[in-house]
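Protein chains in written order, with our numbering: chain A, -17 to 332; chain B, 378 to 644; chain C, 346 to 619.
Since the hints were derived computationally from the structure, they do not count as laboratory data. Misleading hints may appear alongside valid ones.
Unchecked claim - For the chain A half of the interface with chain C, some residues (derived, Cβ under 10 angstroms), not all of them: (1) R35; (2) S72; (3) A74; (4) M79.
Think of the CB as a built atom: it goes at the ideal place given N, C-alpha and C, for glycine as much as any other residue.
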Amino acid sequence: MKVAPAVGAIRVRQCSKHFGTVKALGPVDLDIPAAQILVLLGPSGCGKTTLLRIIAGLEDPDEGASLSIDGADLLAQAAEARRFGMVFQSYALFPNMNVRQNIAYGLKLRRLKPQAIEARVDAMLDLVAMRELGLRRIEQLSGGQRQRVALARALAIEPRAVLLDEPLSALDAHLRERLRVEIRALLKSTGVTAVYVTHDQDEAMALGDRIAVFNHGRIEQIGTPAEVYEAPASAFVAAFFGHVNQLGDLCFRRDQADVVDAGRGDFDATVVAATHMGSYAAIELRSGNGARITLHRFPASPAVSARVGPTAALGAFIHGEPGAFELPVEPGQSVGVRVLRRIHFGLPTT
Amino acid sequence: MALATTSRLLDRAALGLTVALALFLSVPVVLSILTGLMVNQFQGFSAGFSLRWVREVVEQYHGAILLSVWIATLTVLINLVLGTLLAHGLRRTRVQWARALEEMFVMPVAMPGISLGLAMIVSYGALGGFRTHWSFILVGHVLFTLPFMMRAVLAVMQAQRLDVLEEAAASLGAGPWRRLVDVVMPNCRNAMVAGSLMVFTLSIGEFNMTLLLHSPFTPTLPVGLADAYASLRIEVGSAYTLIFFVLIVPLLVAMQFLGGSPRGKAL
Amino acid sequence: MRTVGWTRVFLAPALTVFAAFFLVPLARLFAVGAAGPSGWAAYVEVLHNTRYLQSFLSTLALAGSVTICTLCLCAVCGVYLSRASFAFKPLLTAVLTLPLAFPGVVVGFLVIMLGGRQGVVAQAGQALGGDPGSAVVFAYSMTGLFVGYLYFSIPRSMLTVMATADKLDRDLEEAARTLGASAFAVARDVILPGIRPALVASGAICFATAMGAFGTAFTLATKINVLPMVIYSEFTLQANLAIAAVLSLWLGLLTWLVLILARSATGSAVAAAA
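When you get a sec, could you build the whole thing from the sequences and use the hints?
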């Protein structure tokens, strides 16, 4: 069911924001095509929330910025006129109203007829599968339920775009995993443009059509999840999606390398520690010039054909045989490291 | 945002209302201070400044003023002891009882001052010596201001940190009394100061109860004020009010600084 | 660690003083109320007496109107002061909250300064060309009392409202704005419900205080017909101790109940001013 008109392309140009003398957002240019979900990803204080609030109209950008939707200038409009549905981190549900009244609030302000309002609230409740909870008071709802009401409320006004500010960060991990799938499905089914702020890289990968990675107020890279993971533009972006081992200009992820006989790999290192982590073995190494390397070694790791040392257990480990809980190496042992896939930085941002 | 709302109009209206209220509250005060310093009220300042009225008030009423200060000081000292012991005892009491006791101690504040004064006279008025002594007034003031000291100190005492400190002291061998003196009280100093300021201010200004409790031998500042107002000489009343402000405003400012305010009944 | 014995030691001094000088006198007052010609029936008779009933009702009306007026003013100004920032804001805030501790007598005098025969309003009226014989003098009537009660109610309620407004969740207001709410709608639908507990609590305190207020009426005139004045005159002028006692206890009970209701309705944190 389409909720929003099929337009909603947002354009941001030269947008920056200072709070006093502190620069929260450096000049940023961004294009968000209609019906796309763009994730703004970054650590706290990187400016992603500031940009979201500027788009919403809750903050004003510095001079020289331009913000428009479908060509129409947004900066001239106050927040209440922009018709962007917003989902807050704290949900911001009105405690003095029940679920239906919360969802209906934006519609009431628009002075729709009562029947029209009721019909729309019903439709929204169905959309988020909360029809029977319509008359509940907010404090009676669980975190996940509140999240859905917040989303329904934002979508009820047929927004031109939906802005979400870390909506899942207040929930526990397994609920987050479930809900992010639901949110993406919901946003896609309604066809609305969405800007989603988060600091969680897994969430970004699961939800976004494209991800904009922020660092200190600037966008380091915009790309699809595959692009930012496989071809990160910088060490910062690469590190955001998982630990990156750096040895000079040789960069690789923890699960993209293996231990081999000393002298047989790309470089040699000494084992510092090796630990069972359940589904993998974590091996800490120190290279010749003192760099720390971390490897995550999974049973039946691909493409390891080298024969390794005298330990029988190591052989069993490499060939993926059962009984793989023996650690393949010991502290102090000198081994070689073979990198299976390198990371190259510096590809242009899109 | 410097604005309170997103509407300039609403903002300006609210500011206007606030300023009007502030004027309403401050103009009479300023006027009365000025009148107390004028030579002649009808001529205004064209006749010049004079401390004549202030001097007259001091001559006539210094007994009352001093007595009020004396009683207020004693009230503070007594309530420091009573209030701190009481708050500490309440901390150690089970929650339902503690709440009930708190409510009970608040009763003298909830009841009208004249009722309290009446009750005291009815019970102890026959004891001539007591009746005409300043301690008769003192007792009433202690009862009326005790809940404020109690609340101020109790709030701080109930902070988690203090419990842990007491347990540490106990594990080192300190008994209940020592723990109170060495651990609890030093950490309540701010609350005790705030409470003292509050108590002093309330006591100095207390009128309703004191009107009934006082005697010709024991007039207090507010009683003198009422007398001065009745004298129909507005400069005298103003001068007396000025003295009262001089006493009380520094206390109020100090209290706002410490973050508390007197919430007693200004009657 | 919590030996009961020591707890009793700590509680004893305050309890003793309280029992001796409050509980006992209260009990005695209760007995005195019944020592008049009608005995215990006096407690019920008083409720039927038209004169006392009238003064009770006018006190009620006065306290009620002062409360409503105070709450309206403080809701607007309290929220405004909590949000806005401008150069002289600290000064404004101080002026609005300092009169907290002024005793009723002083407030009465200040009302005379405003509305007495030589008061600001009278002089302003004359300056604007009024006839000296009909100067606007409101100090010595219920109007003057109303103004006086407003004087000491506003600072107190203002503080409570400001403290609550400071803690309001701004996200709610932003959410309302993104849904299309104008400044007025935000104030009506989000801010007002948010400060409602503070308004109820300070309203109750304001009401109870106004019911029992005495000093202001005493200064302004002895012929103003409010209950505390009636009690006072019964005692001093009529020497009618029993009636004074009975009326005092009824008034005390009423104010105590109102304050307890306020504390339980909103939690003691907000109603701590009682």
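Here is what the structure says about each hint:
no. : hint : verdict
1   : R35  : 8 angstroms, holds
2   : S72  : 5 angstroms, holds
3   : A74  : 4 angstroms, holds
4   : M79  : 8 angstroms, holds
Against the hints set out earlier in the document, no violation occurs for any number.
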